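Participant: For chain A, the structure is supplied; the task is to place chain B on it using the hints.
There are 2 protein chains.
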Amino acid sequence: MIQLTILSVGGLKESYLREAAAEYEKRLSAFCRLTQVQLKEQKLPDDPSEKEIASALSAEGKEILAALPQRAYKIALCVEGKQFSSPAFAERLGEVFAKGGEVALVIGSSHGLSDDVKAACDLRLSVSEMTFPHQLMRVLLLEILYRSFQILRGGKYHK
Amino acid sequence: MIQLTILSVGGLKESYLREAAAEYEKRLSAFCRLTQVQLKEQKLPDDPSEKEIASALSAEGKEILAALPQRAYKIALCVEGKQFSSPAFAERLGEVFAKGGEVALVIGSSHGLSDDVKAACDLRLSVSEMTFPHQLMRVLLLEILYRSFQILRGGKYHK
Chain A
615 MIQLTILSVG GLKESYLREA AAEYEKRLSA FCRLTQVQLK EQKLPDDPSE
665 KEIASALSAE GKEILAALPQ RAYKIALCVE GKQFSSPAFA ERLGEVFAKG
715 GEVALVIGSS HGLSDDVKAA CDLRLSVSEM TFPHQLMRVL LLEILYRSFQ
765 ILRGGKYHK
Chain B
615 MIQLTILSVG GLKESYLREA AAEYEKRLSA FCRLTQVQLK EQKLPDDPSE
665 KEIASALSAE GKEILAALPQ RAYKIALCVE GKQFSSPAFA ERLGEVFAKG
715 GEVALVIGSS HGLSDDVKAA CDLRLSVSEM TFPHQLMRVL LLEILYRSFQ
765 ILRGGKYHK
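Protein sequences, first through last, are from chains A and B. Read in my numbering, the first sequence has 686 at position 72, and its numbers run on one by one without any break. Read in my numbering, the second sequence has 646 at position 32, and its numbers run on one by one without any break.
Pulled out of the complex, with its shape left as it was, chain A reads as follows:
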């Protein structure tokens, strides 16, 4: 079965986000074995300096790099990455799956991802030029993956 891993930093605090994630996890279970690894978000003061943010991102980055499945095709979510249409992204995933490969996707904390993590990934994916809360982004990513499987299967979900 297809292996997917989502690495994220910080938990889903709002109940509606947990419910949304649970719904998509259920739907995705028909298509893949999904592993979700949730890493701890570094605590920052209320108005952190650039240096404090960089230090938190670096600490989170080390944990992400240690947890990333090395054989996987690794995708980092970041606003400055490359955008894809839904069918084009599904095609990219389909190419990996066709070779028997697995895919790992990384969502950072509210300050994003360290450059180390972005450099270690095979693809930097941007969902939007706009910024969204990283917790909401996890739900968007689950929807993107579900839609990708529907497109690859030729289902009617994507019109």
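A couple of the hints might just be wrong.
If several chains are the same, the list does not tell them apart, and a pair holds so long as it fits within one copy or across any two.
Unchecked claim - Pairs of lysine-lysine residues, derived as DSS-like cross-links and limited to a Cα-Cα distance of at most 27 angstroms, are as follows: (1) K640 / K627; (2) K627 / K770; (3) K773 / K696; (4) K657 / K676; (5) K654 / K770; (6) K627 / K732; (7) K676 / K773; (8) K640 / K770; (9) K732 / K713; (10) K770 / K713; (11) K773 / K627; (12) K640 / K713; (13) K665 / K770; (14) K657 / K732.
No wet-lab data here; the hints were simulated from the structure. Nothing here was measured: the structure is a model prediction, and the numbers come from that model.
Facilitator: Just chain B, lined up with the frame of chain A:
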């Protein structure tokens, strides 16, 4: 107080989407008077023809055009529209508000919006090259608006 109208086609079926929308509506009430107009989605057969889709979009479009506040700065959400960074979009809204204007935003049904509606709007806004369910898009739009107000106010929500 600032007037915002969201026109959308079809209801929020999932409870987690209704809860997410309610949370953002509460947060937005500190910044604006938000009116949400929900229009009926036309019923289509399971595997609709191009012609059936065009006819549904046209019927929905007529209702949208009748409900659009004419004085408002009108924004149509569509995948082929223009993308903005969060600060750039906030700035665009801020320009309208500075002139005392109101803003209306339109989200279509699962097949999108008719060309008539797109042409009647002042801006065609794209959130992503990817496609998202229109119901989820309503939550994204509420988050985008909340973030815009935070940016305009100089809050720390947007980093």
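Participant: Kindly indicate which numbered hints from before are broken by the structure, ordering the numbers from low to high.
Facilitator: Violated hints: none; all satisfied.
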